[in-house]
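Novice: Model the placement of chain B on the given structure of chain Z, informed by the hints.
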Amino acid sequence: MFLSFRSSAGFIGSGDTYRRKLSVELNPGLNSSVSPLPPGVDLLHIRALGKSDTLHFLFCNQGAPTLLLLHTNTTSSTIQVDWPAFLARNTTGSLRVEPESSVLYSSAVVLTRLWEYDDVNNTADPEKVPPSSFLPPYQLQNFTWTGLNNKTLDPAGHTAQLCGGDASPSFANGSLCLQFSAFETEGRDQGWPSLLHNANSSQIRVWLDGLLPRANRSRFSLELQAVGGPYPLGRVEEIRSIDDEYTPSIFQVSQWVSSPSNSSSVVLGFVQWKPVAYRRAKPVFEDATPCHHTASVPLGQAAPASGLVRAFYGSKPSTTGLNVSFGIAGDPFYAMTNYLSWTMLVGLGHPPVDTFSPLVLSIMAVGLGTPMILILLGGICVCSRKRATPQSQAYEPIN
Amino acid sequence: MADAEERQSLLGDEDGVSFSGRRNAGEPGRPMSAICDPSHLLHRIVVLLFMCFLGFGSYFCYDNPAALQTQVIQDMKLNTAQFMQLYAWYSWPNVILCFLGGFLLDRVFGIRLGTVIFSLFVCVGQVIFAAGALLDRFWLMEVGRFVFGIGGESLAVAQNTYAVNWFKGKELNLVFGLQLSMARLGSTVNMNIMGWVYNRIASLVGSPGYTTLGVSLMIAAVTCLFSLVCALVLGFLDKRAEKILHKDQGKTGEVIKLTDVKDFPFPLWLIFIICVGYYVAIFPFIGLGQVFFIEKFNFSPAEARAINSIVYIISAPASPILGFMVDKTGKNVIWVLCAVVSTLAAHMMLAFTFWNPWIAMSLLGVSYSLLACALWPMVAFVVPEHQLGTAYGFMQSIQNLGLALIAMAAGSILDNRGYLFLEVFFSACVCIALIAVVMLYFVDYLRGGDLNLSAADRARLQKEATSDSEIYKHPNQQTERGLARLKPMSAFGLRNRYLSRLGAQLPDHCSSHLSSLAHRSVLK
Chain Z
467 MFLSFRSSAG
477 FIGSGDTYRR
487 KLSVELNPGL
497 NSSVSPLPPG
507 VDLLHIRALG
517 KSDTLHFLFC
527 NQGAPTLLLL
537 HTNTTSSTIQ
547 VDWPAFLARN
557 TTGSLRVEPE
567 SSVLYSSAVV
577 LTRLWEYDDV
587 NNTADPEKVP
597 PSSFLPPYQL
607 QNFTWTGLNN
617 KTLDPAGHTA
627 QLCGGDASPS
637 FANGSLCLQF
647 SAFETEGRDQ
657 GWPSLLHNAN
667 SSQIRVWLDG
677 LLPRANRSRF
687 SLELQAVGGP
697 YPLGRVEEIR
707 SIDDEYTPSI
717 FQVSQWVSSP
727 SNSSSVVLGF
737 VQWKPVAYRR
747 AKPVFEDATP
757 CHHTASVPLG
767 QAAPASGLVR
777 AFYGSKPSTT
787 GLNVSFGIAG
797 DPFYAMTNYL
807 SWTMLVGLGH
817 PPVDTFSPLV
827 LSIMAVGLGT
837 PMILILLGGI
847 CVCSRKRATP
857 QSQAYEPIN
Chain B
7 MADAEERQSL
17 LGDEDGVSFS
27 GRRNAGEPGR
37 PMSAICDPSH
47 LLHRIVVLLF
57 MCFLGFGSYF
67 CYDNPAALQT
77 QVIQDMKLNT
87 AQFMQLYAWY
97 SWPNVILCFL
107 GGFLLDRVFG
117 IRLGTVIFSL
127 FVCVGQVIFA
137 AGALLDRFWL
147 MEVGRFVFGI
157 GGESLAVAQN
167 TYAVNWFKGK
177 ELNLVFGLQL
187 SMARLGSTVN
197 MNIMGWVYNR
207 IASLVGSPGY
217 TTLGVSLMIA
227 AVTCLFSLVC
237 ALVLGFLDKR
247 AEKILHKDQG
257 KTGEVIKLTD
267 VKDFPFPLWL
277 IFIICVGYYV
287 AIFPFIGLGQ
297 VFFIEKFNFS
307 PAEARAINSI
317 VYIISAPASP
327 ILGFMVDKTG
337 KNVIWVLCAV
347 VSTLAAHMML
357 AFTFWNPWIA
367 MSLLGVSYSL
377 LACALWPMVA
387 FVVPEHQLGT
397 AYGFMQSIQN
407 LGLALIAMAA
417 GSILDNRGYL
427 FLEVFFSACV
437 CIALIAVVML
447 YFVDYLRGGD
457 LNLSAADRAR
467 LQKEATSDSE
477 IYKHPNQQTE
487 RGLARLKPMS
497 AFGLRNRYLS
507 RLGAQLPDHC
517 SSHLSSLAHR
527 SVLK
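Residue numbers (this note's numbering), protein chains in the order written: chain Z, 467 to 865; chain B, 7 to 530.
Only chain Z is shown next, with the shape it has when bound in the complex (with noise of 0.2 Å):
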């Protein structure tokens, strides 16, 4: 009961007006004396100026996609890449902040494949289905991109959207699409799930669009890993939330967030979404499927297959992982519609906590002071009326 009434007190919560000013840039420092990057691949770069730090979002599909955030305590920090050595993909260190010292924390998320499994029993458990049921995984890293360009990128909007595929023919009519937003202040996306946002973090939404799948029951599963500096994204948190206007149906939000060993409260970083896909792109109530995730799994130093980790951490980052299955038993298959999207907060701090809508809130103030302001003015009249008129008392009969 205790701990429904916090998470109940949790949404009246205050409003977050930390603004951040955000200024994007593509591919900072690449110039023509340079090889110039292969096709499709970019950098992008998007600083995110607070009042006393910054925050650099760097979002780059060389390799497998990837989204570096890093925390600097000053306003004057900047991204320094060594482009040929960055290009060569064999050398660490061709990523740098100026200055080094300066970083607070850093993290990234690399979206490393996409399984697909054949779901006979129709229990959408990738844990329980035989390993016989699972088909040759994508591998993003070996995706061919449209690159970003002034119709992908949107500076003002501070979005930008990438659609690939790889060579095989399930591709060949569709793709598998990233766009990644940042924001300056709090609020929420207009489509389904509208995470609530705020300046401190950023949003990757992937989706896929057409693409054939292999078999008859085919579902889908993404795995994510996740490198930090000496705290990586380690625990799974799944928190249950009474409010589902923005997400009709879903109650519950599921956090991947990373804590100094030393106390589990307080959190650096987080990976955050609503464990809900949508089967169109402009969904109705019954186009939402619940979605599972694993628990996360360190991966030891493994690096992930992408370039800016290797560019940032090194050949051996300590790394986790886990994978998001989308559907649930029963569920239609990615047949259907032949098309599934989900969406993802990554940021800094502690994840954004949902609040009611401001209608909710005064139609319950509406619909429960009026009686109570009924019942106040009626004992006042009633006092007043007894006190004017004096208690006549009944004739008894007299025999």
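In short, the hints are calculated from the structure, not lab data.
All values reported here derive from a predicted model rather than from experimental measurement.
Here are some chain Z residues pointing at chain B (derived, C-beta under 7 Å): (1) E711; (2) E752; (3) I829.
Here a beta-carbon is modelled for each residue, glycine too, at the ideal position from N, C-alpha and C.
Specialist: Chain B only, in chain Z's frame:
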């Protein structure tokens, strides 16, 4: 048996016109066995059995959509707003039929033929509904629900009229209680069984789909067929009793005059608001409840159906007990206030907490029963007897109108905004009812407090009123009450009108709220 009847009618009808409470048929020369003698208790118990099962099919099939919500939505490829249309179409014909039901039963068809006709509508409606699923045509399913609705509510009126015709006085309470329990049993059995039936059919047919849904609904239609058979048997038994006992066909005795609406007092309008605001937060909620419990509280489908049916399960035993309590203590407005407040608490619990929903649903079941027992008799206290038919008809009509509109609204709210907003919406509806109850309490208090009298006060008022009136004879033309209204108002009628204006409890044998209960389905 036919010989025996002829001999008996030739012997003359010393049984008399009324057959209230005659227990023994042991007169010499009577060839009929106890079970065949319409005046004997055993025969009337058999009739009671058929009467109870008359409504079983209608209540079983009313909540079929709720029991099969996920299956209907998936197989027919609907969204929630379209799904709730199935409930809206049931309510639309009853907006008008509430006024016409009594008239049709009394003047046009007669109770026997009318019951058979309405049972036929129920049966045919359910068959059309199932056929729509078999043929994968949603509009046909909506037509089926419309036809089903035409029969459903009027069948309840017919069932109650049969009850008033065959049973008198204190027995009537028990009979109504039994009918209510049978109705609730039908709803409960439906909630818990239909899912299992669907799964069995799915394994027979091979895969779930609209064919499976259609076959399951056809199986549900068998209960309606059973009710139709009961209606035919009841008609036969009633006709036979009429021949043997020379009594008239039962009448609802209700007179509807729509011009009376302008004379309705303000407390009655508040009662209407309470009725609408309350029931629209119960029935559409139960319609959408199963998926709510599955999604929010992670129940299995079977558990979710069980908890959805708890409201009905509780109201079966609770209604007679609470009715007895409310009758004994009076103070109806306070009981209505308690019921509304506890329903509001239940909805808020379901909306804002993860507390075990069994608590909230049990609270909902008890408060629903309490409100039904306390609210409907209040109408009889505010309105004179000759306007009771119109008042109840109007109340049911706007209740059905509210249910139809809110069912559609609930579906589209859920589609766009989710369950929390839906629960907040239902809480807001209950808040409207709460506002009306609070206003009713104060308006009644400031006007003298007729509605909120305790039973003792009411009895005292009645004694004072009748102590200086003449003693009147026991009216043995109970069944000709309807005809009595066409004559100029008798002394008896005048006295009743005076007593109901006082809010006094009328004597048992002409208890106006009981007779109004006879005319109206209290089961909603």
